[in-house]
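Kindly generate the complete structure, drawing on both the sequences and the hints.
Residue numbers (the working numbering), protein chains in the order written: chain D, 1 to 214; chain R, 1001 to 1202.
Think of the hints as simulated: they come from the structure by calculation, not from any bench.
Just to be clear, a hint being listed does not mean it is correct.
Using C-beta positions, here's what the derived DEER-type ranges look like [unchecked claim]:
# : chain 1 : residue 1 : chain 2 : residue 2 : range
1 : D       : ALA51     : R       : CYS1027   : 20 to 28 Å
2 : D       : GLY103    : R       : THR1015   : 34 to 42 Å
3 : D       : LYS48     : R       : ASP1130   : 33 to 41 Å
4 : R       : THR1182   : D       : ARG209    : 37 to 45 Å
5 : D       : PHE30     : R       : ILE1031   : 15 to 23 Å
6 : D       : ASP109    : R       : ASN1095   : 37 to 45 Å
7 : D       : GLY103    : R       : ILE1018   : 26 to 34 Å
8 : R       : ASN1095   : D       : SER131    : 32 to 40 Å
Pairs of lysine-lysine residues, derived as DSS-like cross-links and limited to a Cα-Cα distance of at most 30 Å, are as follows [claimed, not checked]:
#  : chain 1 : residue 1 : chain 2 : residue 2
9  : R       : LYS1121   : R       : LYS1049
10 : D       : LYS117    : R       : LYS1173
11 : D       : LYS48     : R       : LYS1037
Covered, in the sense of this in silico footprint (three residues per stretch, anywhere, with C-beta under 8 Å from a C-beta of chain D), are these stretches of chain R [what the hints assert, rightly or not]:
#  : stretch
12 : 1017-1025
13 : 1071-1080
Cβ atoms here follow ideal geometry from the backbone N, Cα and C, with glycine treated the same way.
Each chain, written out:
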Amino acid sequence: MKSRLIYLKNKIRRYRHAPLLAFAGRIALFIVGGIAIGSISAWYMIEKGSALTTSQTGSWQLWIHAGDVGADPYTLAHMSRDGRLPITSSNALYFAATHDSEGEKIAADCDYALAGKPLDSDWWSLAVYTSDGRHIKNKSDRSSINSSSVLRFENGSFTINLAQRVRSGNWIEITGEEDLTLMLRLYGIRASKDAQRSNSIEQNLPIIRRLDCH
Amino acid sequence: MSLNIPISQLLFRITTLIVFGAAVHICIILIMPHVSKGNAWSRLEDSAKLNELAFLDPTTERPSPIAFMAPDVRYAICRYDLSNGPLQLRAPLPNDLWSIALYSQHGENYFLISGRDVQSKAVNLLVVDDKTIDNEKQEEQNIGAPGKAELREITVAAPAKTGMIVIRAPVPKPAFAAEVATLLEQAFCRPITFNQQASRSQ
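Right, dumping it as structure tokens:
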């Protein structure tokens, strides 16, 4: 009889706390949901950017205000997370590509041909990195080509080959099997506020064509 | 499972959730540059001592202290702290492509000068705390001494006591790498002592 009474007592007590537990559960769900929404959206805006912070031309993405004083918080967060120190966008532009012209990820086990036109800047350099910005291991020490060293056709256009094996002409050696990031930096952009000049740079960015995969 | 709550209450809950999510989003974005251990200031702690110039070769540094360093550029980086007084940076600027960029601790490039801007073989930067400099005086010093001088003196007011200076020396072709590195090693970064400050003011 006594144990039956204790059982009933406990049941009532549990029942009394049920609304409180339900409320606490809803609050916990609310907090977890809010943190998840905030974190995922923040990650996306920092990692991928948006039309407010980046411009996309073909495969190439540009963080519009990289390095600027008073840059938007997303750009500052992106550069901080990556550990980059870009020159202000009024003087230099940094275009990054992780996908080829067909939208496929740029991979170290494939060969690529980059077809470019003259780029209106004092100096430019194209380099290959791992996806987190590390310099790739390279036997031939050829992981970049710049405007001083590139071999051009008569009309100023050029083709750069990215391949694991030696290619004639402009060749950047890629090794390994991981995904790659290409970075094209242009120094000496004196008139980036001039729409025509800025457009001409973006129109002349190299087209990244995938050739063969191993 | 059915939701046994009125539509108005459901909308209120969704709106509140979105507002809370937006607050979390804003906090993360604003805090990230200040707490990120992956930012350039933190990454450079091991390879660049305070108020000293560190010479970095992206082709040999593994892992690179800064992400996406250009393999065909040689870098010299000075993390500075102006708590104990101004900082002097002297660097050659042998051609138009060399540049000196000053950054806040969070990576904002607040001052930039290239070889084309100064038309002198070298530049001497005096970096002072923004609060200790007379802005008019700064402009006078910046405008003065035009032409192809051997050395150009420039005073820069830093927005905060801590920041970074990056000297970029592009290597046009691999054959010039050693020459560029040798030239870059002429640069130095050091705090100005009390005696040096006194002699400058005389």
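How the hints compare with the structure:
1. For ALA51 of chain D and CYS1027 of chain R, the hinted distance range of 20 to 28 Å is satisfied, since their beta carbons lie about 23 Å from each other.
2. Roughly 36 Å separates the CB atoms of GLY103 of chain D and THR1015 of chain R, a value that falls within the hinted 34 to 42 Å.
3. The hinted range of 33 to 41 Å is satisfied by LYS48 of chain D and ASP1130 of chain R, whose Cβ atoms lie roughly 35 Å apart.
4. The hint said 37 to 45 Å for the Cβ distance between THR1182 of chain R and ARG209 of chain D, and at roughly 40 Å that hint holds.
5. Restraint check, PHE30 of chain D to ILE1031 of chain R: a C-beta distance of roughly 22 Å satisfies the suggested window 15 to 23 Å.
6. Between ASP109 of chain D and ASN1095 of chain R the Cβ separation comes to about 39 Å, which falls inside the hinted range of 37 to 45 Å.
7. As the Cβ distance of GLY103 of chain D to ILE1018 of chain R is approximately 31 Å, the hint placing it in 26 to 34 Å holds.
8. At about 33 Å, the beta-carbon gap between ASN1095 of chain R and SER131 of chain D stays in the expected band of 32 to 40 Å.
9. The suggested pairing of LYS1121 of chain R with LYS1049 of chain R holds, with an alpha-carbon distance near 27 Å, which does not exceed 30 Å.
10. For the hint pairing LYS117 of chain D with LYS1173 of chain R, the CA-to-CA distance comes to about 20 Å; that is within 30 Å, so the pair holds.
11. Between LYS48 of chain D and LYS1037 of chain R the CA atoms are separated by roughly 20 Å; this keeps the pair inside 30 Å, and the hint holds.
12. For a cut-off of 8 Å, the count of residues in the stretch 1017-1025 of chain R with a CB near a CB of chain D stands at 8, and the three-residue condition holds.
13. Beta-carbon proximity to chain D at under 8 Å applies to 3 residues in the stretch 1071-1080 of chain R; the threshold of 3 is reached and the given coverage holds.
When the structure is compared with the earlier hints, no violation turns up for any of them.
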